[in-house]
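Taken in sequence, the protein lines are chains A and B. Going by the working numbering, the first sequence opens with residue 1, and the numbers climb by one from there. Going by the working numbering, the second sequence opens with residue 1001, and the numbers climb by one from there.
In case anyone wonders, no lab produced these hints; they're calculated from the structure. Please note that the accuracy of each hint is not assured.
As the list claims (entries may be wrong) - Within a straight-line C-alpha distance of at most 25 Å, the following computed SDA-like cross-link-like pairs (lysine to any residue) qualify: (1) B:K1054 <-> A:A184; (2) B:K1059 <-> B:I1043; (3) B:K1054 <-> A:G218.
Claimed, not checked - If you anchor each label on the Cβ, the simulated ranges turn out as follows: (4) B:I1043 <-> A:G320: 41 to 51 Å; (5) A:G57 <-> B:S1091: 47 to 57 Å; (6) B:A1074 <-> A:V198: 48 to 58 Å; (7) B:Q1011 <-> A:D48: 27 to 37 Å; (8) B:D1085 <-> A:A23: 49 to 59 Å.
To be verified - Take a look, some chain A residues computed to stay more than 10 Å from chain B by CB distance: (9) Y104; (10) D116; (11) L120; (12) T122; (13) L185; (14) K186; (15) D200; (16) G202; (17) A203; (18) S244; (19) T271; (20) L272; (21) A283; (22) A338; (23) A369.
None of the values given here were measured: they were computed from a predicted structure. All residues carry an ideal CB built from backbone N, CA and C; glycine is no exception.
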Amino acid sequence: MADPAAPVRVAACGCITPFGDAAATHAALLRGECALRPVPVLGREGGDAVPLALLPGRSLDETTPPDWVAAIASLRRSIPAGDWGSAGLPVFVTGSNFGVGGLYALRRTGNPSFADWSALPTCTERVRTELGWGPDVSIVSHACVSAHLGLLLATRVISEGLADGALVLSFDFLSPFVAGGFHALKILNADFPSPYRVRDSGAIGLGDGAGFAVLGRGSGDWILSGQSVFNEMHHFTANRSDGSGFARCLGTVASAARGRRVWFKGHGTGTLEAGQLEVGAAARAFPEAPIVGWKGSLGHTLGSCGLVELAIAVESVRAGRTPGTIGGAGRAMADTVALESFGNGSFDGVVCASNAFGGAHAAFLLCHA
Amino acid sequence: MADPLTARLKQLIVETLRLEDVAPADIPDAEPLVGGGLSLDSIDALELVVRLEKEFGIKIASSEEARRALANVAALAAYIRERGDPSRLPS
């Protein structure tokens, strides 16, 4: 039996992106490859071409059943065997959209079968059945910090002795509904994203992504410490312009990272104001840390980004090399932004940060157990 | 006499955003639309941009461009005169 005083560890983690699994994604990022392609924002109905990173063979248009189910099922092969969904090994399913595109498809087509996957509980129940889990499945959805929240709740459940371990799964797959929403806000537009670069106008890309982490006390090479979540409750789409939300969230992690040499995996979607605020807050909290962001290649995988990028960060440490910030040309917002890949052998921690609509911020320190 | 485009824009703002206590004539030409006396926010701006694109055939490319276009009613009118479909401008 695991020592109840032992810290919660990450026993396994993984992800799927258009490049493949975490190792393939890490390798592609090191090569500087971009998964984003111009795709009509409304799929078969056309519209402006915007940068999207879809899984190979997947269409932006909705299908019933969704064509992303196979991608989630493929993750199962990487998840250690266990009685997932039992009281001792609960599952936390996180994401920000949960097949909401199906609701739009229902309205567009009138086909009632789209409704089967479209609501948060029904979608999760379908995934639970598909992956053969028991009933102890919790749903966590808080925009683009959803995965971080799932990790935090799973850690607490284990820390409090309520479970032996936990599986956190996160996924978000694009649809015309989701792409159209970001396009209406004008932050998803014809330009490709250039995270942390000085530009006249900002642009993001969106990407398909799914990831998981298995947490427990018994074994695992990694620890997540200083897990921090802070919500400014400022506005639907905006952060406070003084950057105080970023600073508040990162302060907790900075305390956990004291004495360590860290690099910083930022959120970095490509929006100008948030990018500048994040770079500034990161530079103040971790003055020596190189900052990288990978959404210039993968696009923003929305609610899943925390777990997708955790898996890539782990792969980076394993491989000894961190991919640089991909996307665009021109001056970086700060000297601390690493545009090129770098060896990470002399570092002993990674700060992984995400933020979300509503001024929600989340971060943790990833380090060897 | 009020400029027809400016008057139409003020009417659109009131209608689109359902500003119950504001008459079109109450909106000054030079007052900031977002963060000014009308207290519009980015969601209001989103609704307004969608309506403006449909009515005047404009295409706003980015959030920064939207912010510049929506600086105030006068800036918005100038933007639409420059980029809009001339056949859709009120005369």
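Tested hints:
no.: 1; hint: B:K1054 <-> A:A184; in the structure: holds, 12 Å
no.: 2; hint: B:K1059 <-> B:I1043; in the structure: holds, 18 Å
no.: 3; hint: B:K1054 <-> A:G218; in the structure: violated, 59 Å
no.: 4; hint: B:I1043 <-> A:G320: 41 to 51 Å; in the structure: holds, 45 Å
no.: 5; hint: A:G57 <-> B:S1091: 47 to 57 Å; in the structure: holds, 52 Å
no.: 6; hint: B:A1074 <-> A:V198: 48 to 58 Å; in the structure: violated, 29 Å
no.: 7; hint: B:Q1011 <-> A:D48: 27 to 37 Å; in the structure: holds, 28 Å
no.: 8; hint: B:D1085 <-> A:A23: 49 to 59 Å; in the structure: holds, 52 Å
no.: 9; hint: Y104; in the structure: holds, 16 Å
no.: 10; hint: D116; in the structure: holds, 30 Å
no.: 11; hint: L120; in the structure: holds, 22 Å
no.: 12; hint: T122; in the structure: holds, 28 Å
no.: 13; hint: L185; in the structure: violated, 6 Å
no.: 14; hint: K186; in the structure: violated, 4 Å
no.: 15; hint: D200; in the structure: violated, 7 Å
no.: 16; hint: G202; in the structure: violated, 6 Å
no.: 17; hint: A203; in the structure: violated, 7 Å
no.: 18; hint: S244; in the structure: holds, 18 Å
no.: 19; hint: T271; in the structure: violated, 7 Å
no.: 20; hint: L272; in the structure: violated, 7 Å
no.: 21; hint: A283; in the structure: holds, 23 Å
no.: 22; hint: A338; in the structure: holds, 25 Å
no.: 23; hint: A369; in the structure: holds, 42 Å
Consistency with the previously given hints fails for numbers 3, 6, 13, 14, 15, 16, 17, 19 and 20, ordered from lowest to highest.
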